[in-house]
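*Asks:* Chains as they are written, first to last, in full-length UniProt numbering: chain A, 1 to 427; chain B, 1 to 295; chain C, 1 to 280.
Honestly, the hints are just simulated from the structure, not real lab data. Hints may be right or wrong, so weigh each one.
What the hints assert, rightly or not - Facing chain B, from chain A, some residues (calculated, C-beta under 8 Å): (1) Val75; (2) Met78; (3) Thr198; (4) Pro249; (5) Asp250; (6) Ala252; (7) Gln260; (8) Asn261; (9) Glu264; (10) Gly387; (11) Asn395; (12) Gln398.
Just so you know, even glycine gets a beta-carbon here, dropped at the ideal spot from N, CA and C.
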Amino acid sequence: MRARLSFPLTALAAAMLSAGPALADDPVELTMYYPIAVGGALTDVIDELVDEFQAEHPDISVDAIYAGNYDDTRVRAMSAIEAGDAPQLSVLFSIDLYELLEQDAIVAFDDLLETDEEREWLDSFYPGLMENGQVDGQTYGIPFQRSTIVLYWNKDAFEAAGLDPETPPETWDEMAEMAAAVREASGGDQWGVMVPSTGYPYWMFQAFAFQNGHRLMSDDGTEVYFDDPAAIEALEYWVSLSQEHEAMPDGAIEWGTLRQNFIEQSTAMMWHTTGNLTAVRNEADFEFGVAMLPMKTQRGSPTGGGNFYIFNDTTEEEQRAAMTFIRWMTDPERAAAWSIETGYMGVSPDAYETELLRDYVESFAPAAVARDQLEHGTAELSTYQGGRVRRALDNAVQAALTGQMTPAEALAQAQREADGALRRYAR
Amino acid sequence: MAAMTSYRRMQLYGALLLLPAAVLLATFAYLPTIATLINSLFLPGFRGEPAEFVGLENYQLLIEDTTFWRVARNNLIYALGTIPTSIAIALGMALFVNARLPGRGFVRMAYFTPTILPMIAAANIWMFFYAPQIGLFNKLLGALGLSGVNWLGDPSVALTSVIVMTVWKEAGFFMIFYLAALQSIPPELKEASDLEGTSRWSFFWRVTFPLLMPTTLFVLINALINAVRVVDHLFILTKGGPNNATNLLLYYVYENAFSFFDRTYAATITVVILLVLAVVATVKFAILDRRTHYQ
Amino acid sequence: MSLPTLSAARGVALRVPSLETTAAWLLAVIWIFPLVYAVWAAFHPPAFMVRFDLFAPLTLENFANAWSQAPFARYYLNTFLLVTGVVLAQFVVCTLAGFAFARFPIPGRDILFMLVLIQLFVFPEVLIVENYRIASGLGLVDTITGIGLPYVASAFGIFLLRQTFKTIPRELEDAARVEGCGWMAILLKVYVPLAKPTYLAYGLVSISHHWNNFLWPLVVTNSVESRPLTVGLGVFSAPETGVNWATVSAATLLSIAPLLVAFLLFQRQFVQSFLRAGIR
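Go ahead and model the full structure; you've got the sequences and the hints to work with.
*Replies:* Structure (structure tokens):
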């Protein structure tokens with residue numbers, strides 16, 4: 001590993017970098033891909049942040065490239081690596097970890113740490129957000145645009161249905177009852193609840209499963225447990241929302257248009273990423289609230305979203321510059337501003353201690369829900385052959401929701417497919 | 001002797017003229033075709049090891065892959081759903097605008113406009129129509145007091161929704177070929193049949209339609225190719241879902257190659273597509289073009 | 001390859017009964033509706049997406065939003081460079097090859113020509129996986145050249161130009177030779193000018209094809225610097241991002257506007273070109 005061979009050199013480079021613009025002739029050029037999977041004009045926000053960073057660090061120039069959703073961005077980054085044109089760093093899906101490792105594409109941050117200050121920085125994030133970025137005690141991903149699933153509810157609709165507008169459902173049963181009540185009170189004009197089943201169905205399902213006390217994968221990413229009775233029960237509940245309680249529309253519910261549905265008041269509740277919080281706040285012309293997801297045996301939601309990764313095929317100097325940039329971007333003040341701008345979580349406890357975010361949370365309580373839910377968080381589904389494994393689960397969820405298979409059949413099939421994809425990885 | 005040399009020189013000159021095209025075709029058509037065949041016999045390297053020769057194992061996997069069969073069946077339904085419908089509509093359109101019609105210019109433009117839109121843009125627009133609850137189609141149904149359909153989210157409807165959009169996109173393109181063919185039909189035929197008092201209906205079936213046969217076959221080949229080649233709209237509308245209900249072969253190749261990083265399995269599916277295209281090509285060259293001389 | 005013009009056929013036209021007129025118009029309205037709807041959605045505030053109101057306020061804000069949220073100016077430039085580059089390169093390569101096939105006694109000419117025609121079926125989209133590998137080996141990934149190059153040796157173009165060149169009388173060529181022209185001069189002074197209608201037809205078809213092409217550009221581009229409009233639009237409006245619909249409508253119109261306007265202005269030429277290029 002080059003990173004360890006030339007330690008003094010690295011130190012020298014770092015010293016030069018920190019010496020500031022006077023010594024820098026050519027700026028270090030960094031390319032970064034990043035995704036956006038939520039609403040709002042976030043490219044502008046990123047561009048502004050990058051400009052600000054460059055103004056403070058004239059010796060580093062960052063080219064931030066918006067590359068679509070998480071899948072698109074991974075494809076772009078991986079194909080750039082294959083073409084020998086690797087970016088130095090990227091924001092990619094936190095769950096891309098195993099695939100990136102398998103392609104030997106990324107470096108561990110532990111290998112790049114030099115000062116105590118940096119070590120402290122690595123420990124400053126919420127542990128729940130670090131889970132998806134760590135393997136075998138090494139950290140490969142730094143949380144940046146991270147989210148969890150939360151429940152958005154329309155207070156006006158609750159009131160119209162004779163429910164207490166200030167009390168969101170606490171349990172699965174309550175959610176089904178309330179949703180059915182809204183549906184009935186509206187005379188069929190409004191749905192009770194919508195949980196998206198395109199885009200990231202496995203993620204939503206993971207929340208149901210975890211609320212039923214079940215984890216879907218092993219810690220080392222080589223095994224999945226889709227056909228467990230607890231998982232089946234979770235899927236059955238999800239299906240029952242439309243089949244039994246008639247509170248959710250039949251068929252797949254589109255991730256991308258769901259926010260629009262909520263804004264147009266065609267559903268009283270939705271499960272969606274916290275990343276949509278700011279967009280909902282800007283667009284809704286009714287009172288709404290945000291709550292933790294309801295529980296069966298326990299509260300819970302998987303975390304989700306994007307981490308910073310540093311790529312392998314980079315020089316010492318570039319890695320140092322990338323570190324500088326990532327530290328700057330995840331600094332509490334920045335994290336606070338980013339969180340307010342987007343609805344993503346502040347990634348560290350320190351971020352919530354900043355005046356900025358403290359004031360914001362005080363004036364807009366929903367902003368703290370994601371943070372509070374974090375203590376009930378679980379890592380997002382992440383395995384080797386992740387693309388195939390997630391697709392198998394996605395298909396099972398969609399097959400069950402659209403009535404093509406029973407939840408048990410669908411999950412058994414997903415288990416078989418995932419086992420097939422993972423057969424070479426069993427330890 | 002001198003004539004011989006000049007003939008040789010012409011041969012050489014001709015070959016040189018051909019060279020740029022030959023190099024490019026070799027690089028982006030023949031070479032990749034061969035490489036696809038070869039790669040379909042390998043498994044990707046496990047954890048950084050080189051690719052492993054496995055013979056026909058990928059084909060074995062393919063045969064056992066229920067998703068593949070689902071996708072192949074979808075593609076067949078897609079072809080059967082789009083081709084006859086769009087050809088029939090195209091012919092109807094051509095007959096309409098070939099006749100004396102008030103506002104013919106506008107009507108022709110309206111028919112043809114979808115042709116020049118990118119598939120991606122068309123899909124964006126249709127997404128607004130198909131969205132459940134808030135999309136235009138369901139709003140219209142709702143206004144009529146009917147309950148909405150989950151156009152793209154219900155697996156029994158989704159493929160049909162995709163087909164309908166494709167027909168809209170393609171019919172106008174095929175129309176112009178019929179239009180040209182109609183205009184090359186000598187007016188005397190019509191005059192003669194009018195004198196004989198033949199009905200328009202029987203004139204169409206006995207004269208026009210048979211004369212249009214070559215055009216129909218030409219359009220058919222084009223439509224077949226498009227049914228395999230164009231999957232752009234899936235990226236916007238459904239991503240092949242729900243549960244692969246709208247997945248098509250080429251999109252499945254894309255997924256395997258670029259989402260699952262399984263290039264060799266993607267190659268195996270590509271071979272299947274190439275086989276289908278080979279059949280289409282054979283039909284075209286061996287049967288349809290029998291009378292055409294490429295000399 | 002002479003084509004009747006659209007107006008020449010008017011003498012044949014029949015009087016249409018009103019039922020058919022109604023049907024023709026109804027079909028036309030259905031066919032144009034999606035575009036009209038996109039225009040409606042783009043010029044009105046988001047609240048009027050699914051609410052029709054003749055007096056809804058008009059706005060350009062959606063366009064401003066779309067324009068500020070994605071680098072459309074750059075996408076325009078990329079698409080423009082791509083389309084110009086591809087069409088010019090196709091003209092050169094296909095002219096040379098078409099000329100060779102039409103006039104030169106290349107050994108095995110017919111077999112070679114059949115080989116070329118195979119590309120009508122084995123088009124670059126089907127071979128994305130291997131073509132990607134090749135493009136990456138040549139260092140063409142994420143370049144505009146990389147998007148265009150696989151399409152340059154177009155079997156279709158070679159076929160069309162060969163057919164056209166074959167119809168040009170040899171006497172013209174002989175006359176030029178008497179004046180002392182070499183093969184290149186003959187090609188440029190005799191064949192190319194006489195094939196002008198074919199170039200126009202093929203050019204328009206090629207322009208609209210490459211303006212609209214999506215899958216291969218999606219695969220081979222990584223960044224804003226090379227991304228054409230279609231890919232930019234796809235990335236921008238992928239439903240997952242949950243971008244505001246009115247903004248997506250505006251973005252969609254932005255990306256189709258130049259070609260659409262060109263089409264509306266030169267409708268006849270477009271239709272004729274598609275015809276000419278399609279009829280063999």
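*Asks:* Look at each hint and say if it fits the structure.
*Replies:* Results for each hint:
1. Val75: 5 Å, holds
2. Met78: 7 Å, holds
3. Thr198: Status holds, d = 6 Å.
4. Pro249: 6 Å, holds
5. Asp250: 6 Å, holds
6. Ala252: 3 Å, holds
7. Gln260: Since chain B brings a Cβ to about 6 Å from Gln260 of chain A, closer than 8 Å, the hint holds.
8. Asn261: 6 Å, holds
9. Glu264: 5 Å, holds
10. Gly387: The hint holds - Gly387 of chain A has a Cβ within 8 Å of chain B, the shortest such distance being about 4 Å.
11. Asn395: Cβ of Asn395 of chain A sits 5 Å from chain B, so the hint holds.
12. Gln398: This interface hint holds because 4 Å falls under the 8 Å limit.
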